[in-house]
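Using the hints, put the two standalone chains together into the complex.
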Amino acid sequence: MYIIFLMIAVSVTVAAAFLGAFLWAVRSGQYDDDYTPAVRMLFDNETNAKPAKSAKKETS
Amino acid sequence: MEAALQTNVQNCYHCGDACVDELIMADEKAFCCSGCKTVYELLEENNLCTYYNLDENPGISIKKSLSEARFAYLDDAGVEAQLISFKDSNICKITFYTPQMHCSSCIWLLENLFKLNSGISESTVNFLRKEISLTYFHQKTSLREVVTLLTRIGYEPEITLADTDGKKTSKPNRTIIYKLGVAGFSFGNVMLLAFPDYLAVTEGLQRTYGSFFGYLSFLLSIPVFIYSARGFFTSAIEGIKQRMVNIDLPIATGLLALFFVSIYQVVSGTGPGYFDSFTGLVFFMLIGKYFQQKTYDTLSFDRDYTSYFPVSVTVLKEEGEEEAVAVRNLKVGDRIRIRNQELIPADAMLLRGQAMIDYSFVSGESEPVEKVMGEVIYAGGRQVGESIELEVVKEVSQGYLTQLWNDSVFSKEEHQNVSTYANVAGKWFIIVTLIVAAGSLIYWVPRDMEMAMRAFTSVLIIACPCALSLATPFVHGHTLRVFGRNKFFLKNTAVVETLSKIDTVVFDKTGTLTEPSAAELSYTGKELTAAQQTSIKSVLSHSTHPLSQRIFQSMQGEIVAVDNFQEYTGKGLIGEVNGNLVRVGSASYIGVKADAVKDTLKTTVYVSFDGVILGYYTFYNVYRSGLKNILTDLNDKKLAVLSGDNNHEAARLEELLGKEAELNFNQSPVQKLEYIQQLKKQDHQVMMVGDGLNDAGALRQSDAGIALTNSITNFSPSCDAILDASAFGKLSKFLRFSKTTMTIILATFAVSLVYNVIGLTLAVQGLFSPIVSAILMPISSLSVIIFATLSVNIAAKRAGL
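Keeping their order, the protein sequence lines are chains A and B.
Numbering of the first sequence is given in the working numbering, commencing with residue 694 and proceeding in unit increments.
Numbering of the second sequence is given in the working numbering, commencing with residue 310 and proceeding in unit increments.
Just so you know, the hints here were simulated from the structure itself, not pulled from any lab data.
Check each hint, because a few of them may be wrong.
What the hints assert, rightly or not - Some, not all, of what chain B presents toward chain A, calculated at C-beta under 8 Å: (1) 413; (2) 416; (3) 417; (4) 434; (5) 435; (6) 437; (7) 483; (8) 486; (9) 487; (10) 494; (11) 497; (12) 518; (13) 520; (14) 747.
Glycine included, every Cβ here is placed at the ideal spot set by N, Cα and C.
So here's chain B without its partners, still in its complex pose (with noise of 0.2 Å):
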């Protein structure tokens, strides 16, 4: 705030920006734009200003304020019961997700929504997912007027096609902690019973109410066996089924081995049974599933186009009049009105209007694109402007976006993956544990067929891998957890692993290389004096296109007054200064001949002074920062750019990828798809970073699909990984990092096997008792976690994560 103040730049008291282009004065406070003000005011009005005192300039930019009618389609009784989740004939229950909600402020701000609008009588907020959950008399309100009060306030919710599939159950998995909280319960108690058994003093206690105590060690330890281990039994029965051993085998051979033998022995009094290190086991291994489950609630990997899409689309009929239609029942021939900033939901034909679109979503290029009448406008372009009619030509589902969801790569569930570390080490830990097993049984059987039976069953006891089974997801789980702290998310812990294993990159170019909201621009022709450079800022200074925009914060100077000011849409602008007749514009617009046009790839804006053409801008692709560095770190990979665009760009990205890097232009996004495949092919293990809607095949494709995005809530395809774009120098680091988990699991099987090669050959001579049992177990166990925790720190402030 200090600085803000010295440099006589205010920051808007509503969302804390700048007030660089007005400022707007109210109650002593200033704002940088009506929109804020107008907020504020309906805040002031109803004393929620405690909004403003919890958090500083907590608030929402409302720049961009849209038509309110767009919500018309709330009215549609059909959409309204797609979308509300509980309805009586009082209330109404629905459920918004609102990606702008950021601090504490929001959520006091919607938890009294029923201040603003008293037919809203509960608001509860969900800040990790982003949800709020709200009840409304339907009587008093309509479910249109509540999202408009949401949109007026600055927490537009996101309604999109895929709310409307059908209720989706997004309610978090319980069932892990179900389980863990079962599996704690038993464990306690039968640990209490067995305690006993661990002090010589209290023999007498033990022969007493042995059996006792033995049968209700058995009774408690019931519910784990049937409910809360069923998770490694099933996982190791689909394994025998595929052909495959994973690592859930020798566990559920390990966890059966101990079960029945307990049972045995405390039916025919032999023994306490191992009840204690049963539950005890099955407790701590469900912890280290609970640290694996523990992913991003908050963000969604798996959305495809549906997400994006809105949920209706204003119609035109025969008679002109407007109608609100569902995406869905759209079809060829239905004549569509697109406003400004609404999205194109299917491929159409421009009819009447000005079309500018944009199609940041989809390719990552956030620069406008003009389109004449008559061309067709491929769905996922948002339109800039003003509005316009188009005619659709093809379903939604059809599109040439959304045929890419038609692959048989988007219907395949993704598979197990066979190859993981732990489940290559189960595969030989069994092998080796049934030899050593089947050794002391032909040592013993001669001998002592008691003793036999005894070495046998504890070999297949104390070998069980729990140590094994604790490492993996407690280092990926501590992995996922630095690498969120340096906001790279990962799906889920398998991904970690996946790209320890990477050896080629292969990026998305617009977007994803570049930075989508700079570019640079350099003039070319003659030069320009002073008078004449004020002349074109002024004139620049009325047009809100983006073009404009960049060359005007490029250009030094004053502004002066224009008359006849007008702009073109999509041609130029043209505006009188001190009697100079100014055009700025397009070359077409200008004038220029097409064959003077030296470059066509490049986009470039002319500019003409009382008729002479004076030269043009042209601009360059910034490339984000830190991309040289990464791609220096990578260069042991194979290298590879897919890019939708022409190849203007080329020399300049072989000059930082280098020679061998593959470039790929005018890629369509079924095109990149099949690329990653042919390299999946040839037996590489590939990463795809990209950042629109056509990348998602190709995300989908490779072996990690990176998503890079500006705003973590806001846009993502589906994918394995969500990477922050100010996150994007590290990249190289974070796939270091990776490796250097892999070798920390391997050491943390080492230590694990020290704890086994004991415990076996104590086991072997018949040595093993509930004792040692219950001193090795918990020991081997928390030695592994607490080993994991500890080297995945140390390894990631070592690498500077």
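Here chain A stands alone, though its shape is the one from the complex (with noise of 0.2 Å):
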């Protein structure tokens, strides 16, 4: 029965390392706008043939 410390400590770990997580998500401004990303997801990449080259270009 003594895994039962180990298996605590692990799931503590495991439990902090997604706090740890979250808290770098929230610090890197993630939780800052909630709306744009979602929109931005959905725009096609360019599907033109020749300025979108240059296009592509610059994008990467």
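Printed below as a string of structure tokens:
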């Protein structure tokens, strides 16, 4: 039954890692704007032939 | 679109406006003006037409194109340094506020700016805050070019005096999210460790590992106690310092009792402690606080005049050269040049040019006012027409309007509202709790010492008004959402409670009671023949003056050719139609004798035909639709009107508002403020509804200042709430609903009281055990949250909001 010490230690460590990840996410501003990214991801990539190449270069 | 086709009026491909005045075709697409067409061509050239595919007619009408020379001040290194947030040898970073942003097309275009200007390396939009953050190479492009580009495609950034006031840290407050995260982490883990306590079958486990679990829970609770719960303790201490009991005092006592009893139990080995309840409580209450804090980030409620005034102004040097000077450095005696659509930043005397000043920012009056040479023009007006020259007579901060902000009302921090429901309830709560705790102590001490301690601490713990503290934020938070859905935006949740207590409503007249963009007109004089009407209409069609436009739109008939048309700014028009000389304009221009002018207070436009005066048009204010209903609904409250205008509308207002209403005319901004002060001294709870900068003092002074605006993001003076003009008709409903929510809060208090009575009965008998607390705590919290949410939504539906 002493395995329970190890189990709890592991579980708390994992939870702490998640807390750390959460705090980092807040800190890096991911919770500041919860609207624009949702719209942004729906924009299609350029499909037009010629100027799209140069545009792609700039984005990359 | 179908309807538009049927009536043969096309909608602009760019901005979606109906092409009434002119129709420009390009690429088989219709445009309402050349401005829109130019933007389309610019986007087309750069292959950015996806813009038009994402949303229909996403563009912003560019009818009012202004001289781009006005951005000259952005070349000034000092101004640039104040605006940009970061600069190194290569790149610059800057954030602009662009209120025109309104759809996903806007996001797309603004994030593809680099295709229009290769000097821009990156642009990121925060749609909710209507901000765009740009990174650009300052060797390749300049701040001015970036701003000009944004303006050209219709997204002119708002750059005002406030931006140069030093760096505003506009970063959203993340503290509450951190606190929530920490509390949630601890709550989850402690709950896991406390679980064996709840189940009888795991007694063996509990015996073996009990103290280990206890110490671990204690360890996990420390960050909650020190960090997450700190707000409750500091608030309670502040309350004590001010010699008053607020809602946080019973909460803080409860939390302290919970925490230290738990430590005692763990250390002495007498029990597992209540760390699960402790962390859970803090977590739930923080959710309530988060809910309460969630206000409208995008709206600014604390603007003063600096948010409207430009950063710089063109100053004329002695040799006649122009120089951009920061508005703050303007000195008395400086000669300034104000171009079309520019704001006058300081009280100044007119030296040269035809001044037509639009004071809509200040008073809500949209009709431009004509000023003659030598007259002092107050700051805040916007010049319409040609460029004018002025001499500054007062520094910016000493002006007629801006001195309002020197009043002590603006320097005072808003004090905490002492008599909120929650605080009053909290006060009684702690008194009763202490009496019950002392009573149980007195009862148990002679009988059983250990039981006495247990009952005493249990009472303190269970009586922690968690439900009480949750009720108010949740009810208010939901009310805020309901209001927001109806385009009534409150600064914070405390305003809901203030609104429910209002007994006096004060209105500004111009722009608030009246519709700024509409005016009724009537014609007095000899009846006009159809031919005469056609002639007058034709002459008017050449003028862009707002009064001419109004009359023009009200007239029937066709337009015929006009010869020798002349417009004398500020006076009137002249033109020949079919050989008849038509003159339209002010009384003095037409040649009406001053004593013959019957009503000098009203806006009138005279018409003469071949030198014979036919008659005149009179303009009336149009009151907002729904005004009558609101005023009838508000008849249980004291009503008053504060107008900066003269009293020619007194009779109509009295008819609308009733005999008891106080009507005050010719009020200066400071007088308005003092009037509100007077009312407050008589113990009235005052709500002020206004729209212009001249109401700013009164709005600030009143208990609830409501700014009315036609466009939420555009303009509003500092206030407690912003009301969209289209929702003006619901004003009385909002007031009534805020009252309903207070009843809901009382009902929620009653619900939580039931829990507390049950809990206290158990506690005084010493029956309070971890299992009871584990069940009672979350259930009471959750049921209060659910009850608050449901009842507010049902009440809103019933109120028709």
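Hint-by-hint comparison with the structure:
{"no.": "1", "hint": "413", "verdict": "5 Å, holds"}
{"no.": "2", "hint": "416", "verdict": "6 Å, holds"}
{"no.": "3", "hint": "417", "verdict": "5 Å, holds"}
{"no.": "4", "hint": "434", "verdict": "6 Å, holds"}
{"no.": "5", "hint": "435", "verdict": "5 Å, holds"}
{"no.": "6", "hint": "437", "verdict": "5 Å, holds"}
{"no.": "7", "hint": "483", "verdict": "5 Å, holds"}
{"no.": "8", "hint": "486", "verdict": "5 Å, holds"}
{"no.": "9", "hint": "487", "verdict": "6 Å, holds"}
{"no.": "10", "hint": "494", "verdict": "4 Å, holds"}
{"no.": "11", "hint": "497", "verdict": "7 Å, holds"}
{"no.": "12", "hint": "518", "verdict": "7 Å, holds"}
{"no.": "13", "hint": "520", "verdict": "13 Å, violated"}
{"no.": "14", "hint": "747", "verdict": "40 Å, violated"}
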